[in-house]
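Those sequence lines, one after another, are chains B and X.
Positions 1 to 403 (our numbering) are the ones given, in order, by the first sequence.
Positions 1 to 403 (our numbering) are the ones given, in order, by the second sequence.
For the record, the hints were derived by calculation from the structure and aren't laboratory data.
Glycine residues also receive a C-beta, built at the ideal position from the N, C-alpha and C atoms.
One thing to keep in mind: the hints can contain errors.
Said to hold, decoys possible - Label pairs and their in silico Cβ distance ranges:
no.: 1; chain 1: B; residue 1: Arg91; chain 2: X; residue 2: Leu286; range: 33 to 39 Å
no.: 2; chain 1: X; residue 1: Ala226; chain 2: B; residue 2: Glu248; range: 38 to 44 Å
no.: 3; chain 1: X; residue 1: Gly60; chain 2: B; residue 2: Val146; range: 54 to 60 Å
no.: 4; chain 1: B; residue 1: Glu248; chain 2: X; residue 2: Gly60; range: 55 to 61 Å
Unchecked claim - No more than 30 Å apart at the CA atoms, straight line, and that leaves these computed lysine-lysine pairs for BS3-like:
no.: 5; chain 1: X; residue 1: Lys199; chain 2: B; residue 2: Lys61
no.: 6; chain 1: B; residue 1: Lys355; chain 2: B; residue 2: Lys34
no.: 7; chain 1: X; residue 1: Lys252; chain 2: X; residue 2: Lys283
no.: 8; chain 1: X; residue 1: Lys99; chain 2: X; residue 2: Lys34
no.: 9; chain 1: B; residue 1: Lys283; chain 2: B; residue 2: Lys198
no.: 10; chain 1: B; residue 1: Lys283; chain 2: X; residue 2: Lys53
no.: 11; chain 1: X; residue 1: Lys252; chain 2: X; residue 2: Lys362
no.: 12; chain 1: X; residue 1: Lys287; chain 2: B; residue 2: Lys252
no.: 13; chain 1: B; residue 1: Lys337; chain 2: B; residue 2: Lys324
no.: 14; chain 1: B; residue 1: Lys287; chain 2: X; residue 2: Lys84
no.: 15; chain 1: X; residue 1: Lys253; chain 2: B; residue 2: Lys289
no.: 16; chain 1: B; residue 1: Lys84; chain 2: X; residue 2: Lys289
no.: 17; chain 1: X; residue 1: Lys289; chain 2: B; residue 2: Lys53
no.: 18; chain 1: X; residue 1: Lys289; chain 2: B; residue 2: Lys253
no.: 19; chain 1: B; residue 1: Lys252; chain 2: X; residue 2: Lys283
no.: 20; chain 1: X; residue 1: Lys230; chain 2: B; residue 2: Lys53
no.: 21; chain 1: X; residue 1: Lys289; chain 2: B; residue 2: Lys360
no.: 22; chain 1: X; residue 1: Lys53; chain 2: X; residue 2: Lys34
no.: 23; chain 1: B; residue 1: Lys53; chain 2: B; residue 2: Lys6
This is what each chain is made of:
Protein chains: 2
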Amino acid sequence: MANAPKANAVVGQSGGPTAVINASLVGVVEEAKKHPEIQTIYGAIHAVAGMVKDEFIDLGKLSAQTLETVAVSPSSALGTSRDKPDAAYCRRIMEVFEKRNLRYFFYIGGNDSANTAHILNTVADEVGFDIRAFHVPKTVDNDLLVTDHCPGYGSAAKFVACALMGDDLDNRALPGVKIDVIMGRNAGFLTAAAALGKKRDDDGPHLLYLPERPVSIGKFLSDVEAVYTKLGRAVIAVSEGICDADGETWAKKIVQTAEKDQHGNVQLSGTGALADFLAAQVKNNLKIKRVRADTFGYLQRSFPGFQSPVDADEARRCGREAVKYAMTQDNGSVAMKRTGGGKKYGVELFRMELKNVAEKTKSMPAEFINADGNGVTEAFVEYAMPLVGQLPQTEYLGRYPRV
Amino acid sequence: MANAPKANAVVGQSGGPTAVINASLVGVVEEAKKHPEIQTIYGAIHAVAGMVKDEFIDLGKLSAQTLETVAVSPSSALGTSRDKPDAAYCRRIMEVFEKRNLRYFFYIGGNDSANTAHILNTVADEVGFDIRAFHVPKTVDNDLLVTDHCPGYGSAAKFVACALMGDDLDNRALPGVKIDVIMGRNAGFLTAAAALGKKRDDDGPHLLYLPERPVSIGKFLSDVEAVYTKLGRAVIAVSEGICDADGETWAKKIVQTAEKDQHGNVQLSGTGALADFLAAQVKNNLKIKRVRADTFGYLQRSFPGFQSPVDADEARRCGREAVKYAMTQDNGSVAMKRTGGGKKYGVELFRMELKNVAEKTKSMPAEFINADGNGVTEAFVEYAMPLVGQLPQTEYLGRYPRV
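Construct the entire structure; sequences and hints are all you get.
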């Protein structure tokens, strides 16, 4: 490996925002400033879209105070993009890189972003302009391969855990059936986090449905009926990606049905459709009067002032580490390995090949899901709890003895 | 006025939960323990429903630590009820009160709860069993008469303000139209709080629609188009109670249309219907590709670990004050008067007649709403900001100069 070139660097943020993607950005900037090999550290506005349009800001000029405010801000401070660059797009980016002598490329994002870094690195080789391309992991879905977990997951998981704690208390106060639809694409990790605030056997969520375990409406309804009969209430966490027994997502089925029906202006591909559909199923089939459904939407990924401290710290370390790797390596992705659990929780960072994380995703391992496919195991709680940090203490007085 | 009798007391929590209704409960309990006139302080499980079924716990037996955990817990720790007791229901409650020698009645809730206290006081007079009935204000809607504001509003407003700050950053990162539907029944106070995190002219929410100002779909769409044309994005806060130009709520119109259509299993009275309807209007009529809508649902009233400190403190003081009034008065409701604004913000508590708060509600005053009916004024921000407390600092880098 050649010595690190004296050149400029660029960092971009890709895909959906998280609560800590800006902590990773600040990690990249603060580490880059330590290395004389890196002259100017540019921020690409709206990720690859800004690179192709030559839209950059100079991150080295931001004050320490501004950087700290950025680090605690949700969403992507540079703006993001869902563009998936092909080879032609990458060649146009290369022209900008050459013009600006950008030889260090840091890209914070999910598996698609790792793939972009991989493609860009390949195209750079082809055009004979040597760059060092590094991926910094980020996703609320926690679905990246190899790494123990992803920055962004812990904070989103904390939001979801708190939301369900509050919602369970709300549902105890005014009993009924409450359904919450939670993000996570095709992985159940974020929905599973709904269980992290449970302290007692009768605490909600009483049922969790994850994309990893297809569920028919019949099974869903009989599960809900069993809980409701026993407790007189039921709180249910449902992943946006849950599938019917045939493997097709419920979200897709509902949209298809709605489109076929052509019922005027009401569109069912909006975020509330799955929640409203499931609530209607419970209301109509189980004849339960008080049924409510919420879809958490963007709050779970972009709520300010609500980072998990562990998550924010790890996100920042991942950003720093990418820059360190770039001093000695040609490309790679930053991954985390857990060095201990419980009170001894910690992580070690390591470099892995871009192609190992690019494009592919992972699901919840079987040992995290209960036998009935409607809950999580203690192994999941042990895995996720250190990432989320301390949850608020709450109390419900209905459990005290009557006098 | 006769001396305060030596007797037992009961406290109940009514209507929808809030983040600080338990702080009021703890205020009642800690003050009641100071007065030897009050022997046992009972908590009614599920409000009047528990009173009529003789279901109580002994709140005097809870440890100081448990009480402090209760005070920071969202939702109603005793459980709540939406029963509206008539005279017959009240007479059954009176039998329970007589049996237990319950002569102090504290009821934490909204205008319906004040009405219940009023009816119960009247029935007690009729049956010749003297009780002292006090109402402690609570509502996220902030729609009670006389009082400057209601405990519960500040914390819900803080949640909404933070949510919109995050959502605006999210929408800057991935530009499009974002619509957020917010609670508040027929009052716009909670939706108006969406504007409290705005720092710069181009910060969202760019448009706010309140129940106090009817809006046609045509006006709504032309407003959205104007913002989107100017900024390339738009964040819109909509109250669940917004009305069409004819004064009927949009929520009701959508449900009626849906019921008429009879389109299978999909039910539109769920919480997502208004948000999805408005998103579809924007998508179909303005041909904007990226349109998203969230309905905040119960998160905004029951999110743990997110109280406004001012709100929590005032809620507790209102609980204490009700007990103090009961030592010298026959009945009443606790209200707040603002003694100063800005940094000199403070409130003075006072007693008012139950009938002045019972049943009726108030709307946003005209001076809090902008001339165009799609935003709030500086007067509103001055009114609401002290109730919410400090909001998180955030930063977006897209506004920095390109290099």
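Verification of the supplied hints:
no.	hint	in the structure
1	B:Arg91 - X:Leu286: 33 to 39 Å	holds, 35 Å
2	X:Ala226 - B:Glu248: 38 to 44 Å	holds, 41 Å
3	X:Gly60 - B:Val146: 54 to 60 Å	holds, 57 Å
4	B:Glu248 - X:Gly60: 55 to 61 Å	holds, 57 Å
5	X:Lys199 - B:Lys61	holds, 22 Å
6	B:Lys355 - B:Lys34	holds, 28 Å
7	X:Lys252 - X:Lys283	holds, 21 Å
8	X:Lys99 - X:Lys34	holds, 24 Å
9	B:Lys283 - B:Lys198	holds, 26 Å
10	B:Lys283 - X:Lys53	holds, 27 Å
11	X:Lys252 - X:Lys362	holds, 21 Å
12	X:Lys287 - B:Lys252	holds, 22 Å
13	B:Lys337 - B:Lys324	holds, 17 Å
14	B:Lys287 - X:Lys84	holds, 23 Å
15	X:Lys253 - B:Lys289	holds, 22 Å
16	B:Lys84 - X:Lys289	holds, 18 Å
17	X:Lys289 - B:Lys53	holds, 21 Å
18	X:Lys289 - B:Lys253	holds, 22 Å
19	B:Lys252 - X:Lys283	holds, 19 Å
20	X:Lys230 - B:Lys53	holds, 21 Å
21	X:Lys289 - B:Lys360	holds, 27 Å
22	X:Lys53 - X:Lys34	holds, 28 Å
23	B:Lys53 - B:Lys6	holds, 24 Å
The structure shown violates none of the earlier numbered hints.
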